[in-house]
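Peer 1: Residue strings, one per chain:
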Amino acid sequence: MRLTKPARRALAGGLAFGMVATGIALADNTRHGLGIGLAVVIAVALAVGVVQFAHRGPDRS
Amino acid sequence: MKQVMRLCSLVLALAVTIGLLATTTAPAQAQARAQAQARAQAHDRAQARATPTISASTVSSDRSAPPATRPSRPQVQSIGHDYCGGWLHGPAWCLTFNRVEVGYVAAVSLATAAAFICGATALITCAIAAGIAAAIQRYVDRNGVCPKSRPKMRVEYFPSPGRVECV
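In order, the protein sequences belong to chains Y and A.
Each position in the first sequence, counted from 1, maps to that position plus 4 in this note's numbering.
Each position in the second sequence, counted from 1, maps to that position plus 1 in this note's numbering.
A portion of the hints provided could be inaccurate.
[Said to hold, decoys possible] Quick list of the computed label-pair ranges, beta carbon to beta carbon: (1) Y:12 x A:91: 48 to 58 Å; (2) A:122 x Y:42: 23 to 33 Å; (3) A:129 x Y:12: 14 to 24 Å; (4) Y:33 x A:97: 29 to 39 Å; (5) Y:5 x A:148: 21 to 31 Å; (6) Y:49 x A:139: 19 to 29 Å; (7) Y:9 x A:149: 19 to 29 Å; (8) Y:30 x A:99: 29 to 39 Å; (9) Y:6 x A:164: 24 to 34 Å; (10) Y:45 x A:139: 15 to 25 Å; (11) Y:60 x A:152: 39 to 49 Å; (12) A:168 x Y:30: 46 to 56 Å; (13) A:143 x Y:60: 38 to 48 Å; (14) A:84 x Y:30: 50 to 60 Å.
[As the list claims (entries may be wrong)] Sample of chain A residues with no beta-carbon within 12 Å of chain Y, all distances over it, derived: (15) 87; (16) 88; (17) 94; (18) 148; (19) 152.
[To be verified] Output of the computed footprint for chain Y on chain A, the stretches with three or more beta carbons under 8 Å from beta carbons of chain Y: (20) 112 to 121; (21) 136 to 146; (22) 154 to 167.
Since the hints were derived computationally from the structure, they do not count as laboratory data.
It should be emphasised that the depicted structure is a prediction, and the values quoted were computed from it without experimental measurement.
Even glycine gets a Cβ: it sits at the ideal position worked out from N, Cα and C.
Isolated chain A, as found in the complex:
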């Protein structure tokens, strides 16, 4: 039973981490930026359509001015992992977390561990485990997992075995 619980805890931590990543990383920001750009272009186009026709002399005097609207497609960034390999290392897929996201990953992992330890043991062990987890969480909140000179954590998950490094 303990082995089953350990396996379940590992699977659960992995699933929660992946779910957290999907909601907190860059895709939402990139999508919002693209939508804002498209909205601004539509607004410019509507304004250009609404302006009254002007005389030929005005047009000739303003010929040096750049066109008001330039047809361009919104720049949509790719969603999901980064490609972080090099010419020596080969192709690799990575996920990069900033300091706040590392704090969320730590909170999920520590809460899962504390809950499973408390479910499997008695009161004193549970209190000790929760206290240690809270102390670790406080340290991660204050100092982060990575040093200040390289604050982001990059997790390379393909090819296997992956690696974790601070960038």
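Here chain Y stands alone, though its shape is the one from the complex:
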């Protein structure tokens, strides 16, 4: 399945935030940083899924 353009943007933005937030948290506290990284990945996956299906348009089959 090919991601739509908004979904790609959402993925990029979410991952950018996730990497920065995880890096900052890892610099402070290792276990906390891993938890934040996992939480961000799950949240971004769900958000990208919603954006992908919201922008897919009506089914013309």
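Based on these hints, arrange chain A on the given structure of chain Y.
Peer 2: Only chain A this time, still in chain Y's reference frame:
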């Protein structure tokens, strides 16, 4: 379409938060503690069974000693919400987060918001939104949502409308 996306983001944030709560709060710890206690009791029982029979004189001399195993059921704490109401406030259901769990809730919420903003806008707005979200996340990591004197966050979700307070 924007309204649909806003509604979806709200529902999604709620679902992710509830899922996170179910996995990170006390039930797992309480279950592990109960299992460890039950295992220790079983081990004690097996040891008592394995010890050889001793003479009557030894038994009479050791009569003052307490029994080695005492039959007791493991203490299992209730799973899920706390009951946080008072006599004036009435019955209420709450969820309590420590500082680390508040950080996870903040990360999920900010990542969802950043992803939706980036999906709906262009590059510069997306970068600004992600930067602001990262700054908020850094502040929550360092300082927490609640003050140090009352570090835990308690969310009362029943009766409606609920409230959030630091305890």
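Peer 1: State for each hint whether it applies.
Peer 2: Going through the hints against the structure:
Range check, residue 12 of chain Y to residue 91 of chain A: Cβ separation about 50 Å, and the 48 to 58 Å hint holds. In this structure, residue 122 of chain A and residue 42 of chain Y meet the distance hint of 23 to 33 Å, their C-beta atoms being roughly 26 Å apart. Range check, residue 129 of chain A to residue 12 of chain Y: Cβ separation about 19 Å, and the 14 to 24 Å hint holds. Between residue 33 of chain Y and residue 97 of chain A, the C-beta spacing of about 21 Å breaks the proposed range 29 to 39 Å.
Between residue 5 of chain Y and residue 148 of chain A the beta carbons are some 47 Å apart, a value that contradicts the proposed interval 21 to 31 Å. Separation of residue 49 of chain Y from residue 139 of chain A is about 23 Å and conforms to the stated range, judged on CB atoms against 19 to 29 Å. With their beta carbons about 45 Å apart, residue 9 of chain Y and residue 149 of chain A fall outside the hinted range of 19 to 29 Å. Distance hint check for residue 30 of chain Y and residue 99 of chain A: the Cβ-Cβ separation is about 20 Å, which falls outside the suggested range of 29 to 39 Å.
Between residue 6 of chain Y and residue 164 of chain A the CB atoms are about 45 Å apart, so this pair departs from the stated range of 24 to 34 Å. About 19 Å separates the C-beta atoms of residue 45 of chain Y and residue 139 of chain A, a value consistent with the hinted range of 15 to 25 Å. A hinted range of 39 to 49 Å for the beta carbons of residue 60 of chain Y and residue 152 of chain A is consistent with their spacing of about 44 Å. About 29 Å separates the C-beta atoms of residue 168 of chain A and residue 30 of chain Y, a value inconsistent with the hinted range of 46 to 56 Å.
In this structure the supplied range 38 to 48 Å holds for residue 143 of chain A paired with residue 60 of chain Y, their Cβ-Cβ distance being about 40 Å. Checked against the given bound of 50 to 60 Å, the beta carbons of residue 84 of chain A and residue 30 of chain Y, roughly 37 Å apart, lie outside it. In this structure residue 87 of chain A is separated from chain Y by more than 12 Å, as the shortest Cβ-Cβ distance comes to about 33 Å. The claim that residue 88 of chain A is not at the interface with chain Y holds, since no C-beta of that chain comes within 12 Å of its own (minimum 38 Å).
Residue-level check passed: residue 94 of chain A sits 24 Å from the nearest beta carbon of chain Y, beyond 12 Å. No beta-carbon of chain Y is positioned within 12 Å of the beta-carbon of residue 148 of chain A; the least distance is around 19 Å. Residue-level check passed: residue 152 of chain A sits 14 Å from the nearest beta carbon of chain Y, beyond 12 Å. Proximity of the region 112 to 121 of chain A to chain Y, defined as three or more residues with a beta carbon under 8 Å from a beta carbon of that chain, is established by the 9 residues found.
Only residues whose C-beta sits within less than 8 Å of a C-beta in chain Y count toward coverage, and the region 136 to 146 of chain A has 4 of them, enough to reach three; the restraint holds. Three residues within the 8 Å Cβ limit are the bar, and the region 154 to 167 of chain A against chain Y gives 0, so the coverage statement is violated.
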